[in-house]
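So the protein sequences, as listed, match chains A and B.
Counting from 1, position 1 in the first sequence corresponds to residue 9 in this note's numbering; the numbering is continuous, with no gaps.
Counting from 1, position 418 in the second sequence corresponds to residue 426 in this note's numbering; the numbering is continuous, with no gaps.
Just so you know, these hints were derived from the structure itself, not from any lab.
Treat the hints with care, as some may be off.
Remember, identical chains collapse to one label, so a pair may be satisfied in a single copy or spanning two.
Derived DSS-like pairs: lysine-lysine, alpha-carbon spacing no greater than 27 Å straight-line [as the list claims (entries may be wrong)]:
#	residue 1	residue 2
1	342	445
2	405	66
3	445	216
4	342	405
5	475	216
6	432	475
7	238	482
8	432	342
9	342	40
10	66	132
11	432	132
12	40	238
There are 2 protein chains.
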Amino acid sequence: MEGEEFRRASQEMTDFIINYLDNIRDRRVLPKVEPEYLRPLLPDAAPDTPDTWQDVMKDIERVIMPGITHWHSPQFHAYFPTANSYPSILADMLSGAIGCIGFSWIASPACTELEVVMMDWLGKLIGLPPVFLASSDGPGGGVIQGTASEATLVAMLAAKVKILDEMGEKGKERKLENKTHTLVAYFSEEAHSSVERACMLASVTPRKVRVDGQHALRGDALREAVQEDKKRGLVPFMVVSTMGTTGVCGFDNLREIGEVAQETGLWHHVDAAYAGASLVCEEFRYLADGVELADSFDFNPHKWLLINFDCSAMWLRDARYLVNAFSVDPLYLKHEYQGQIPDYRHWQIPLGRRFRSLKMWFVMRLFGREGLQAHIREQVSLAHQFEELVKSDRRFKVTHPVTLGLVCFRLNADNEVNEELLKKINAAGVIHMVPAKHQDMFYLRFAVCSRLTEERDVVLAWREVAKQADTVMK
Amino acid sequence: MEGEEFRRASQEMTDFIINYLDNIRDRRVLPKVEPEYLRPLLPDAAPDTPDTWQDVMKDIERVIMPGITHWHSPQFHAYFPTANSYPSILADMLSGAIGCIGFSWIASPACTELEVVMMDWLGKLIGLPPVFLASSDGPGGGVIQGTASEATLVAMLAAKVKILDEMGEKGKERKLENKTHTLVAYFSEEAHSSVERACMLASVTPRKVRVDGQHALRGDALREAVQEDKKRGLVPFMVVSTMGTTGVCGFDNLREIGEVAQETGLWHHVDAAYAGASLVCEEFRYLADGVELADSFDFNPHKWLLINFDCSAMWLRDARYLVNAFSVDPLYLKHEYQGQIPDYRHWQIPLGRRFRSLKMWFVMRLFGREGLQAHIREQVSLAHQFEELVKSDRRFKVTHPVTLGLVCFRLNADNEVNEELLKKINAAGVIHMVPAKHQDMFYLRFAVCSRLTEERDVVLAWREVAKQADTVMK
Numbered sequence: 009m010e011g012e013e014f015r016r017a018s019q020e021m022t023d024f025i026i027n028y029l030d031n032i033r034d035r036r037v038l039p040k041v042e043p044e045y046l047r048p049l050l051p052d053a054a055p056d057t058p059d060t061w062q063d064v065m066k067d068i069e070r071v072i073m074p075g076i077t078h079w080h081s082p083q084f085h086a087y088f089p090t091a092n093s094y095p096s097i098l099a100d101m102l103s104g105a106i107g108c109i110g111f112s113w114i115a116s117p118a119c120t121e122l123e124v125v126m127m128d129w130l131g132k133l134i135g136l137p138p139v140f141l142a143s144s145d146g147p148g149g150g151v152i153q154g155t156a157s158e159a160t161l162v163a164m165l166a167a168k169v170k171i172l173d174e175m176g177e178k179g180k181e182r183k184l185e186n187k188t189h190t191l192v193a194y195f196s197e198e199a200h201s202s203v204e205r206a207c208m209l210a211s212v213t214p215r216k217v218r219v220d221g222q223h224a225l226r227g228d229a230l231r232e233a234v235q236e237d238k239k240r241g242l243v244p245f246m247v248v249s250t251m252g253t254t255g256v257c258g259f260d261n262l263r264e265i266g267e268v269a270q271e272t273g274l275w276h277h278v279d280a281a282y283a284g285a286s287l288v289c290e291e292f293r294y295l296a297d298g299v300e301l302a303d304s305f306d307f308n309p310h311k312w313l314l315i316n317f318d319c320s321a322m323w324l325r326d327a328r329y330l331v332n333a334f335s336v337d338p339l340y341l342k343h344e345y346q347g348q349i350p351d352y353r354h355w356q357i358p359l360g361r362r363f364r365s366l367k368m369w370f371v372m373r374l375f376g377r378e379g380l381q382a383h384i385r386e387q388v389s390l391a392h393q394f395e396e397l398v399k400s401d402r403r404f405k406v407t408h409p410v411t412l413g414l415v416c417f418r419l420n421a422d423n424e425v426n427e428e429l430l431k432k433i434n435a436a437g438v439i440h441m442v443p444a445k446h447q448d449m450f451y452l453r454f455a456v457c458s459r460l461t462e463e464r465d466v467v468l469a470w471r472e473v474a475k476q477a478d479t480v481m482k
Numbered sequence: 009m010e011g012e013e014f015r016r017a018s019q020e021m022t023d024f025i026i027n028y029l030d031n032i033r034d035r036r037v038l039p040k041v042e043p044e045y046l047r048p049l050l051p052d053a054a055p056d057t058p059d060t061w062q063d064v065m066k067d068i069e070r071v072i073m074p075g076i077t078h079w080h081s082p083q084f085h086a087y088f089p090t091a092n093s094y095p096s097i098l099a100d101m102l103s104g105a106i107g108c109i110g111f112s113w114i115a116s117p118a119c120t121e122l123e124v125v126m127m128d129w130l131g132k133l134i135g136l137p138p139v140f141l142a143s144s145d146g147p148g149g150g151v152i153q154g155t156a157s158e159a160t161l162v163a164m165l166a167a168k169v170k171i172l173d174e175m176g177e178k179g180k181e182r183k184l185e186n187k188t189h190t191l192v193a194y195f196s197e198e199a200h201s202s203v204e205r206a207c208m209l210a211s212v213t214p215r216k217v218r219v220d221g222q223h224a225l226r227g228d229a230l231r232e233a234v235q236e237d238k239k240r241g242l243v244p245f246m247v248v249s250t251m252g253t254t255g256v257c258g259f260d261n262l263r264e265i266g267e268v269a270q271e272t273g274l275w276h277h278v279d280a281a282y283a284g285a286s287l288v289c290e291e292f293r294y295l296a297d298g299v300e301l302a303d304s305f306d307f308n309p310h311k312w313l314l315i316n317f318d319c320s321a322m323w324l325r326d327a328r329y330l331v332n333a334f335s336v337d338p339l340y341l342k343h344e345y346q347g348q349i350p351d352y353r354h355w356q357i358p359l360g361r362r363f364r365s366l367k368m369w370f371v372m373r374l375f376g377r378e379g380l381q382a383h384i385r386e387q388v389s390l391a392h393q394f395e396e397l398v399k400s401d402r403r404f405k406v407t408h409p410v411t412l413g414l415v416c417f418r419l420n421a422d423n424e425v426n427e428e429l430l431k432k433i434n435a436a437g438v439i440h441m442v443p444a445k446h447q448d449m450f451y452l453r454f455a456v457c458s459r460l461t462e463e464r465d466v467v468l469a470w471r472e473v474a475k476q477a478d479t480v481m482k
């Protein structure tokens, strides 16, 4: 396929995409296929000679679409949102064409430098303290990670280097006379599963700390756990707090945790994967009160800020620990400007990296600050509309405070009835939701996800919930 | 930006891309900018209200292009290739529009299932033994990782779980009464820096093993190192071998290493990041002799097989160790079909994942097996053309055997002269190369990288080298 054929194919793909998103309400949000549906639809090996473009285009509807869960359907209310916008798709086309691998500055200076500046733009947009910005001239700065899970792991590995360093054990872990310590990382029982997983991957001990009545990790509970572990001879080294938990969109008390972290020498990482995007609106900044005490902060523009996956934005107060943790420098990767500008390969787990700051640039410019704020406000308002509908029906209860775009609710009945309700809703396939459980209470999560969601979709979703409740309650 | 505006913008971007790639020879392969060139070209914050699409398009040439190292220029001969093809860009557009996050089967069945089948297609295409394929019904299968570095780390973490399991220590690492062992991973001194880095990240002890005269890690040297460490009470658990080292494109002896690994209970991971793509051609399959003894195998279609970054193809003989290493399963991620089909979140470090198998599908179909073979053969042939040109000049020496697309060479003079030569070549900016060093011998690496490279580009590159040599030798 060369230039002219690509031109035609790109036009066809563009038309397909516009048509797909314009008419996405016509598609069943959850597919009806069963496991292994796809293999029989394809030959069992790649063709020897090229298929035609038309063959490939035709197969999108035949092979792929029947198995798609439509995350951008306004009837999709599962998990948390994932972003999708035209400016982001355009930027990714450019990224693909330039196709540079930005592991060092010299490997494509624009790739590194646009990322440095875009992370500053985004940091300012969400009101992050200057200490996290590259433009503040300190050792802080931002970097694009693939996912919040990776950001947590990266922060944990940096924190591990820091504590071993402080204990005068720098580098010893890598030596044969290795003596390891029992390092403990703290997080609330409501933290995302990826935090516990990061502990597994980093070979440190996870410790879940109880939350208060509002699902928040508080300073006192953390202090108590740390002191207890210190008495036992363990080495507390990190706390991961959450802004917007997956279960209920709860908020840990960042200020209290930050204070205890400073007092006890813990690295404080803030996982704001979902809720971080809300900080583009001043009225939600109170949720991040105390963030200036954190050591690292991460949120996913690829969730709720219209920048397509993957784009997880991570800032560090002092990036030097990260670079120390990860630095291995063979000759073929060295260049004469080292040290003057970040070589982002030292800031992440992979070596290679795509030109992802292009989509940040396109989205921030083509929506503007006000456009991004309007998006967040509209989605929060839709969540409150759904909340009101739930509250208007005496059979139901909103189980947790609605702060952003997530409404947690259940029927006033036991868990089995609620499980049955959700099962029926997903089986009908008009809308899609996933559940959560807290202290043995099963509830439904209604997340406003697609940027195409409107009031009529919220009303439709509610009618579907109420209708299925009718059958379950009979 | 809505549908109609996207249609026009996509057309403009498509034109830009075609024009960029058609005329890439007109651009200086290495940019002339210095660190921090970009920041002054942009405002210091995102705009409040949207910029126009025309503003954004104009800035690509003004802001981005001056700082691009053109990896797809036929004059780019640094590092190793990174892939770029029109079918791949088209697939990424579709992936962006569907915008699903494939962490579990139910989150988008097509995303998981196409990946399972495409990894089988690709495995067959490179002649992998059936034990690695999902269609063979064993516990083996393939998965797309972001990079070869991640694949190495993932294999290492799985191997760690396996050895701890075998030692009856399963899960103990996570407990407070933790007693860790000194686990040792082996690899040759020529292995990629990411292997040593994986050891740092996984908290295991790296041990570099000497290579033979052909830069190959051999069974005897490995056995000796393992036995020595066992005597010292250490716990050997893994060996990483390389097919196509970064320095000289050398090949470890997979068969011997596989035999020693089986004999001594090591997990054998094969890192074929660059050279793996050559296996689409039968005449290069001898390079992978013994791969049937490996536990895991990874190569990067995003390097040399025309599938845009990121797409690192990893296969496992038994994926269960991986799933055991990484599995954390909260309620909101559970679904009723668990266990019937892979939930790929357990196979990787991040939780989220893009629909990357689309680009594998588009590329394999639109090039066909023969098209991919032709690409590899053409690039290897260009490398041999360059090799002949070097050999024809008595001032130069080809320092290592040319097997695939890499030619290592130097002037018959001391290191300083060769360093000077490379410096002059890169400063002139007509072509771009990076160096390597082996046993204190500095040499230049000429890699055939861009898929647009033709004989005339190889001739141009050689003329430039010879010309700069004239000035250096004076």
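Inset, instruction - Can you give me the call for residue 432 and residue 342, within, between, both or neither, at a CA distance of at most 27 Å? - result: Only across copies: residue 432 and residue 342 sit 16 Å apart there, 59 Å inside one copy, limit 27 Å.
Inset, instruction - If the cutoff is 27 Å on CA atoms, where do residue 342 and residue 445 land: within, between, both or neither? Let me know, please. - result: between (50 Å within a copy, 12 Å between copies)
Inset, instruction - State whether the alpha carbon distance between residue 475 and residue 216 is at most 27 Å within one copy, between copies, both, or neither. - result: Answer is neither: 39 Å inside a copy and 66 Å across each miss the 27 Å cutoff.
Inset, instruction - Evaluate residue 405 and residue 66 at a C-alpha cut-off of 27 Å and name the case that applies: within, between, both or neither. - result: Classified as neither: same-chain Cα gap 46 Å, cross-chain 53 Å, threshold 27 Å.
Inset, instruction - If the cutoff is 27 Å on CA atoms, where do residue 342 and residue 40 land: within, between, both or neither? Let me know, please. - result: Classified as between: cross-chain Cα gap 17 Å, same-chain 52 Å, threshold 27 Å.
Inset, instruction - Measure nothing new, just compare the shortest in-copy and cross-copy C-alpha distances for residue 445 and residue 216 to 27 Å and report within, between, both or neither. - result: This pair counts as within: shortest intra-copy Cα distance 16 Å, inter-copy 48 Å.
Inset, instruction - Have a look at residue 342 and residue 405 and pick one of within, between, both or neither, based on CA distance no larger than 27 Å. - result: Classified as between; 24 Å across copies, 60 Å inside a copy.
Inset, instruction - Please work out whether the CA atoms of residue 432 and residue 475 approach to 27 Å or closer within one copy, between two copies, in both situations, or in neither? - result: For residue 432 and residue 475, the Cα distance is within 27 Å only inside one copy (10 Å; across copies 75 Å).
Legend entry - Intra/inter-copy verdict for residue 66 and residue 132 if alpha-carbon distance must be at most 27 Å: between (45 Å within a copy, 25 Å between copies)
Inset, instruction - If the cutoff is 27 Å on CA atoms, where do residue 432 and residue 132 land: within, between, both or neither? Let me know, please. - result: neither (44 Å within a copy, 42 Å between copies)
Inset, instruction - Since the copies are identical, ignore which copy is meant and state whether residue 40 and residue 238 lie within 27 Å (CA to CA) inside a copy, between copies, both or neither. - result: neither (53 Å within a copy, 54 Å between copies)
Inset, instruction - Classify it for me, residue 238 with residue 482: is the Cα-Cα distance of at most 27 Å met within a copy, between copies, both or neither? - result: Answer is neither: 55 Å inside a copy and 68 Å across each miss the 27 Å cutoff.
In terms of the numbered hints stated before, the structure departs from hints 2, 5, 7, 11, 12, listed from lowest to highest.
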